[in-house]
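Chemist: Sequence:
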Amino acid sequence: MPVLRWNSTGITVAGITNNSGNADNQLNFPTDVKLDYEHNLYIVDSNNHRIQKYLFGALTGQTVAGNGTSGSSQYQLSYPLTMMIDSNENLYISDTSNARVQYWPKGAVSGTTIADTTGKTKIIILGWQQSSCVFFENVLKHSRKF
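Residue numbers are given in this note's numbering: position 120 of the sequence shown equals residue 1071, and the series is strictly consecutive.
Simulated from the structure, these hints should not be mistaken for laboratory data. From a predicted model like this one, the values you see are computed outputs, not experimental measurements. Where hints are given, some of them may not hold.
[What the hints assert, rightly or not] Straight-line alpha carbon distances no greater than 27 Å define the calculated DSS-like cross-link-like pairs of lysine-lysine that follow:
| # | residue 1 | residue 2 |
| --- | --- | --- |
| 1 | Lys985 | Lys1073 |
| 2 | Lys985 | Lys1057 |
| 3 | Lys1073 | Lys1057 |
Work out the full structure: start from the sequences and follow the hints.
Modeler: Structure representation (structure tokens):
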């Protein structure tokens, strides 16, 4: 049995410590992280309006959703907040400023809106329930399952 010890100083595994930006090795206000089944790291890079994927052991990420520019087209995200990833590496992204959830298939250059709200109500993705993605909107006042 291995002996584990907490490292109180931390180890940077993505981005550059104290250096935000929009290069492939930089992040700007990351808000969520997920791992896929191959231990690749997905990061919601909110202020860069994109999702970055870091292959296991890589020092730079690749943009897998969004194009780095805030907007409301199917190719863009605007201050994404959270995301879920399914077993096929498809992404479900809460596109906060657009008040929608984007389904972004693996390898796609654009997403599809699968849930939205009227106005600018925030949508937050919290998890899976019986193989369906559950979205909570309006800061947990309502929920929907898709």
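Chemist: For every hint, state whether the structure bears it out.
Modeler: Status of the hints after comparison with the structure:
1. About 20 Å separates the Cα atoms of Lys985 and Lys1073, which keeps this hinted pair within 27 Å; it holds.
2. Between Lys985 and Lys1057, the direct Cα distance comes to roughly 15 Å. Compliance with the 27 Å bound is thereby established for this hinted pair.
3. Taken as a hint, the Lys1073 and Lys1057 pair is honoured in the structure, with Cα atoms around 24 Å apart against an allowance of 27 Å.
Checked against the numbered hints given earlier, the structure satisfies every one of them.
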